[in-house]
Amino acid sequence: MAANIFKGAEYLISAASCSDVFTPEDFTDEQRQIGDTTEQFVLNEVVPLRERIEHHDLPLTVELMRKCGELGLLMIDAPEEYGGLELDKATSMLAAEKLSQAGSFSVTYSAHTGIGTLPLVYYGTKEQKEKYLSRIISGEWIAAYCLTEPGSGSDALAAAATATLSADGTHYLLNGTKQFITNGGIANLFTVFAKIDKQHFTAFLVERNTEGLSVGLEENKMGVRGSSTTQIILDNAMVPVENLLGEIGKGHKIAFNVLNVGRFKLGAAVTGAAKVTLATGIKYANERKAFGVTIGTFGAIREKIADTTAAIFASESVVYRLAGLIDDRLATIPKDTPNYYEVYQQGIEEYSVECAIIKVFCSEVLADAVDAVVQIHGGYGFIQEYAAEGYYRDERINRIWEGTNEINRLLIPGIILKRAMKGDIPLQKEAMKAFESLMSPSFDELDDSVPFAAEKALVANLKQAFLVVAGTAVQKFMNTIKDEQEILLAVADVAINIFAIESAVLRAGKILPKLSEGKKASVSAAVKVFTFNAAETAATAARRAAYYIEEGDNLTMLLAGIRRFTKYDATGLLKAKRQLAAAAIEAERYIF
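All letters in the sequence shown, in the order written, are residues 3 to 594 by this note's numbering.
Do not take every clue at face value.
Said to hold, decoys possible - In silico DSSO-like pairs for lysine-lysine, Cα to Cα no more than 30 Å straight-line:
(1) Lys69 / Lys223
(2) Lys291 / Lys223
(3) Lys420 / Lys435
What the hints contain is simulated information worked out from the structure, not anything from laboratory work.
All chains, please: the whole structure from these sequences, using the hints.
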C-alpha cells in the first residue's frame, strides 16, 4: 500500500512522492504469472486464428471466450462468493493489457468482463448473481451492455427506450432500439437501460431468448471488424420484474460508475496495443532498406521511435498509478460492510477524473503510435497485407467509445470544479496562492543532485499554471463556465499532461536505484523526451485558454505567468532521443 492515499484530483494541489505510486515494476509473482498466462493464451490460441476472427467467425470467438473462462480470465473482477477470483485492479488491468494483442477478440473480452459483467457484480441482488454470474464468468454465456441509442450517444440520459409495468405486475415491457452494442450478436445476457413510464432511467437484466427482443444485423465497421456490433431491438420485450437491476430511477449511477471502470480498462488495453504497434514498427525499420541502409538508421525514423517509446512509458505509468490509487482506496473498505458494493463504487467514483484522464491520454498515445508506425512503413503501411494497416483502422474507435475524448475532456474540469465547490478539495485556496506566486517571481535554484529535479520543478509549476488559468476562467464566467467548452477543453489538456508527467517522473524516481546503468540511461531519456513533449502540449493549451479568457493587460499578465510556469530546460534532448531510439531498435520492442 502507498505511503499516502490521495483523493481524486488531489494530485493537482498536492505533491506525491515515489512511495505513493504503484508501478509495473511492483507486480507480485502472482500478478506476473496471470499476465504471462494471459499473454500465452493470446499468442498460442488467438493470434494464429486472428484472420478467421477478423472475417467474423463468431462461433470461434464464442469458443475462445469459453477457453478464457477455463483459464479464469473472465472471473478476475468477480466476487469469490460466486466463484470469482476477486483480484485487485492492477491485475485486472494487466490482463486487459495482455489481451490487447488479440485485436478484435480483445474488444469482445473487454466488453464482456467490463461493462458486460460489472453492472451485475456491483448492483445485482443475491438471487440475480446466483442465477447469472457463474455462467458469465465461466464463458458459458457472453454479456453485453445496452446504453447507446440511435438518437442518444454521449447524452445517455436522453434515451428514448421505455419500460412499462404489465397489468399483472409480473413483467416490464421494454420498447426501443439500442445502437452499436458490442457482443450484440453473441451475447446471452444484456444490461439494458430504459425509462420506466418514460421518466425513471433504470437498468434491467435481459436474456437473449426474451420474447420481444431481437438482434439487428452486424454493422460493417472500419476497424475491430472481428468483434460483434449490432442493434438490439425491443418490441414489448417481456422482462420479469425480478430482473430490474439496482433501483428504479438510479440507472444513471450504474451507467456512469461502470463507465469509469470501462475507461480505466480501455487505458490499459490501448497501452498494450501501443507496445505491440511499436514493436511492429521497429522490426520493419530494421528490415526495410533505403539508400543502401536500413531505415532504422535514419534520424527521422529514430525520432518517431523515441517519441513513441517515451509516450508509452508515460501511458503505462498513469494506468498503474491509478490502479494503485484505486486498490489502496478499496482496501480500506471492510468486506463485511453491509452496503459493500455501494461503498466500493464510491471508492472507484472518487477517481472519475483520473479515469477520464487515462481514457483520453492513453487512447491518444496509441493514436500517435499507429500513425508513426504507418508512416515508418511508408506505402506498405496502407496495404492490408501489413499489420500496420489494421492497427490504424482498429485504433480509431478508442477515441469514441466509453465516452468520446471530447466528453471526457469536459468531464475532467467539470468534476474538479464540482468537488471544489463542495469543499472536497481546497482548490479555491490553492488558486489564490497561485495568483500570489504569479505576482512574485521565484529565485529558487534547482539541486542537480536530486534525480529529475527539473521535471519535478516543472510539475509543481504546471500545477500553478493550471490553478491560475482555471481560477481566472471561473472568476470571469462563474456559473456559466460549464458552457465555455473551448476553455474547458484547454484546461483539461493542462490537467491531463500534469498527471502524465508526474506519473512518469515518480515511476522513474522509484525504479531508478535498482536499474543497471544502461537501463537508467534509457529511463532518464524517456522521462526527458516525454516531459518535453507533454510540457509543450500543456503550455500550448494554457496559452490557448488564456487567449479565450482574457484580453488587454490581464491577458499580458496571464501569458507571462504561463510562460514562467511552463518553462523546462530540456538540454540534451537530442542525445536522449538518440539513446532511447538506439535501445529500442536493438531490442526490437518496447524496452521497459
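For a quick check of understanding: which of the numbered hints are violated here, in increasing order? 2
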